[in-house]
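**Student:** In the order they appear, the protein sequences are chains U and H.
Our numbering puts the first residue of the first sequence at 4, with every later residue one more than the last.
Our numbering puts the first residue of the second sequence at -13, with every later residue one more than the last.
It is possible that part of the hints are untrue.
Partner residues are not named here, just some residues of chain U that face chain H (Cβ under 8 angstroms, in silico) [claimed, not checked]: (1) A305; (2) L336; (3) A378; (4) G382; (5) E388.
Restricting the straight-line Cα-Cα distance to at most 20 angstroms, the calculated cross-link-like pairs of lysine to aspartate or glutamate (EDC-like) are [unchecked claim]: (6) K290/U to E387/U; (7) K290/U to E259/U; (8) K254/U to D226/U; (9) K170/U to E562/H; (10) K170/U to E456/H; (11) K134/H to D365/H; (12) K170/U to E122/H; (13) K10/H to D126/H; (14) K290/U to D276/U; (15) K170/U to D507/H; (16) K290/U to E311/U.
The hints are simulated quantities; they were obtained by calculation from the structure and are not laboratory data.
Since the model is a prediction, treat every value here as computed from it, not as a measurement.
Every residue, glycine too, gets a C-beta built ideally from N, C-alpha and C.
If you want the building blocks of each chain, they are given just below.
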Amino acid sequence: MWSGKQVRFDRLFNRHGDGRAVCVAADHGYMSDVTPNVVRLRPIVEAAIRGGVDGILLSPGQAMRLADLFRGRDGPALIIRADWMNMPRLGTSNVANAVPQRLLFQQKVVTAEQALALGASAITIYLFLGYSDGVEATGVEVCSRFVAECRKVGLPCIIEPIAYGRKVTGANIVELLTLGARMAVELGADALKIPYTGDVDTFRRLCEVAGVPVLVLGGARSDNERDALELFAEALEAGARGCLMGRNVTKSPDPERIVAQLCAVAHRGWSVDQALRGEVWPFVRLKAHRARCTGCLLCQTACVSAHEQGAYGLSSARLRIEASAGHDGHRILFCTLCGKCLAACPTGALRWNPSSGAVELLPEKCDRCGACVQACPTGVIAREEEGWPIVCDLCGGEPACAGICPTGALEIARRPSPFAATLA
Amino acid sequence: MELNRRGYADCILRVDLTHGTVEKTPLPADAMPLVLGGKGLGAWLLYQEQPAGVPPLAPENRLILHVGPLTGTSAPTAGRFGCTTRSPATGTYCDNYSGGYWGAALKYAGYDALVVHGQAAEPTVLVIDDQQVALEPAGDLWGLTVPKAQERLRERFGSGWEALVIGPPGEAGRPLAAIFNGSRTLARGGVGAVMGSKRLKAIVTRGTGRVHVYDPERFRRALQLAFRAVRMSSETTLLRQEGSLNILEIVNVMGALPTRNFREGEFEGAAALSGASFRRHNWMRDYACFACPIACGKYTRPLEDGTSIEGPEYETTYAFGSNCGIADREAIIRLNALCDTYGIDTISTGVIVALAMEMFERGLVTAADLDGLEPRFGDARAALALVEKIARGEGCGEWLGEGVAAIARRYPEAAPFAMHVKGLEMPGYHPNAAKGTALGYAISERGACHLRGATLSELFGGAADPLATEGKAQLFRDTQAKKAVWDSACLCYFSAYGMTLKELWQLVVACTGFDYPTVRDLERVGERVSTLARLFNVREGFDRRHDTLPPRNLTEPLPNGPAAGQVVELAPMLEEYYRLMGWDMRGIPTAERLRALGLEWAVVER
């Protein structure tokens, strides 16, 4: 009995021999809207497998339909969602088109034995905290029954504590999740699926309190590709043993790539940047998509704070958003690395910085004539009060403006070495 | 305490329009950890500096504009600002918040608050150019509509300036008058009339300074966590896709979409008014306020005659749409445009039109009373004609524009279905179908309001059964505290659809360095600030008698929908809330609770 559970546990957590698992949650179909990621699940799961996924969480019905994808000794581990609940239909925005319901219900769907017959390497079930005493009591009862069933058939049981309902506030959510983690372990969970608490310190405590492997979940999909990776990297740092990412993968335009990136972070120890880019970019440039700009000016305030420690403002930013009249959108004016300022400088005070490749001012050579300010075609070279030019240094290679842009209107792109010609 | 290294400018700009003088004073340093800024600062200044009984349109009534410690930083939605004054519509404490770009400009110019009082001899524009402050004549602007005045100011001042402007109803002291800031507004309670009563047509501002935070590295980290929380939220994604209108169909399915002057809670034309419909047929581009990663604002494609707006918001669409029985998007856009042009509140105007329609259908008024108009529910042309009259203050528009409470005084038979609390028209969630929200409307310090802690999470957060009253006093109390913290830090409440109090606490602590050891310590600020606002109202004679709802909510069961048969059982929720807040059964904060909140100076014998 013990060995059966261990075999299955290893299939999930030890495909790479590092005790870590990158898993995809694709069980949304029987709880939320009929979205494309739910209906066209096969190609998404296939893409996740190509990306190197370690485990996939499915509803029992999808597990039957997609059984062929789990074949072979290198196939991913199948995790079965063993219960159903209606939380996404309690009037929340996930289900704009479904009939909202008024009260929370949780329902057991399969037994551990049935899950095993479907080929499961593990099951997951919810444990609700904070909604009502009745729902919490039901959750405890359902969880303990599953634990007993799983033990009988040698199936790892993953419990997913959720803090949800009118008693949950920002003041108590971390404590509730930590309590839920420990409750789940006391009930007999072999591993946990749990939301990130938002920061490394509180999540580290949660992992320590749990004492069993923790899989972090991703939550709603962000348009910023970094978010899911950063969250995962932080969770690993805090002691998580992997992830169970749902919408950030299944709603992604390229599920294979995001899974490969998550795997690179988990199994190869890559940094978020390295995983995102697939390589190290020695030189970068800024790239703009005007149509995406909403004019929020976060790029300008981020630019100022990146250059003045702890200060936020708009004036003297190294880039500028210009609102044009009417409904034509905004103009994004930034340093395009055209080099006209270098050419215009009569004293040779401007050069390409050898490490970042950005424009650099050598103050000892500058006589503050302002020729560069005149020459700049985008007009983004500002001047300090004493007349020194303020040039974009690309923040040394990680431009803060693109880092904060919420819509991708400003992006970081790879740039060929500005020194290639010289070297040749 | 160096407040200017803690997110603040540490300066209050005081303008006395009667004497044409300007004074700059530091912030009340000891008070800032207690009230934080924004709403808290406004409530503190209004209660402490304004004597009781000042009429709202008297020169002595202060118009206080304020920002928070986070304003002007890169925190998500950190362009928010507010105003606090005594409302001409209700006689109560009244605070409003707006996005746009003016708030950041005020902060960068070097001010946490602007306190305007007195009355200028001539129409005036207040010019704040960093540390230079001047009063300039505005005779050429007086009488202009909002867009015309904004255009004239752009010509006069050029780019890099942000302007607050009122329209003709504000100049005339009308209780519907709003203050405009680009396409964004401080709309409720007639704050535009307070500005107009001071003969202040506009406030133009340019700021080139900086905001300094207490712990730069910790703040940078808190920013990262806050942004991620906002981005990884399906609610904010929906806000970007469908604006505030993303909720309309859900509210309708819950039976809580006020329809035909709150007679019903379901509207057959809801699909046509949904965010998805506007997105498909009318919207062409997103609009973001300063530092906002969400961008819930939407510009419409111009109609045939060139009419276009930034909007409509959910509240406008409910007020002129379902509540007037109108399912025509083009009509909603035109009604919204009319309100924006003259500078009046769309919620109150829509509720007035709906009341006029019901009164006409019931025969309480005739065409003779309404300048020949025969407004029935669903009649968009009549609605447009009425709004034009209200906006211009002409004919029947003169008495209609005084608000539904005033209309009910003129026609007492209309009182049972005049939808207001304390004189402020009701926003777009039917109290009979959402009991915690009903409690929120009844308690709200500025009259019927969905943004003073109303428990909207019961409708679209799934937090609790919306029809139950049990537990709602506690839920309202928690939501009210959270909302007051948001308004005091001065971020847009839509950021709270991604961030929780925990992320806000991380930002506030890193920005101010204040000693809030836990999230709950910040939550206490919210309770303190809401209590201060209550104290202002108590001093003006408001108490439990005014914490009530119209008879339509208390005694008239909803006829259909998921909430059919429901009325609001207010008293038990009210009393439980008073107990939780440590107020007596008249709704007055007890001396004991005031001491516990650090407000011992506000204890008086009553």
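**Student:** Against this structure, judge whether each hint is valid.
**Tutor:** Outcome of the hint check:
{"no.": "1", "hint": "A305", "verdict": "5 angstroms, holds"}
{"no.": "2", "hint": "L336", "verdict": "13 angstroms, violated"}
{"no.": "3", "hint": "A378", "verdict": "23 angstroms, violated"}
{"no.": "4", "hint": "G382", "verdict": "13 angstroms, violated"}
{"no.": "5", "hint": "E388", "verdict": "11 angstroms, violated"}
{"no.": "6", "hint": "K290/U to E387/U", "verdict": "26 angstroms, violated"}
{"no.": "7", "hint": "K290/U to E259/U", "verdict": "25 angstroms, violated"}
{"no.": "8", "hint": "K254/U to D226/U", "verdict": "10 angstroms, holds"}
{"no.": "9", "hint": "K170/U to E562/H", "verdict": "16 angstroms, holds"}
{"no.": "10", "hint": "K170/U to E456/H", "verdict": "13 angstroms, holds"}
{"no.": "11", "hint": "K134/H to D365/H", "verdict": "29 angstroms, violated"}
{"no.": "12", "hint": "K170/U to E122/H", "verdict": "53 angstroms, violated"}
{"no.": "13", "hint": "K10/H to D126/H", "verdict": "29 angstroms, violated"}
{"no.": "14", "hint": "K290/U to D276/U", "verdict": "17 angstroms, holds"}
{"no.": "15", "hint": "K170/U to D507/H", "verdict": "18 angstroms, holds"}
{"no.": "16", "hint": "K290/U to E311/U", "verdict": "24 angstroms, violated"}
Hint violations for this structure: numbers 2, 3, 4, 5, 6, 7, 11, 12, 13, 16, all remaining hints satisfied.
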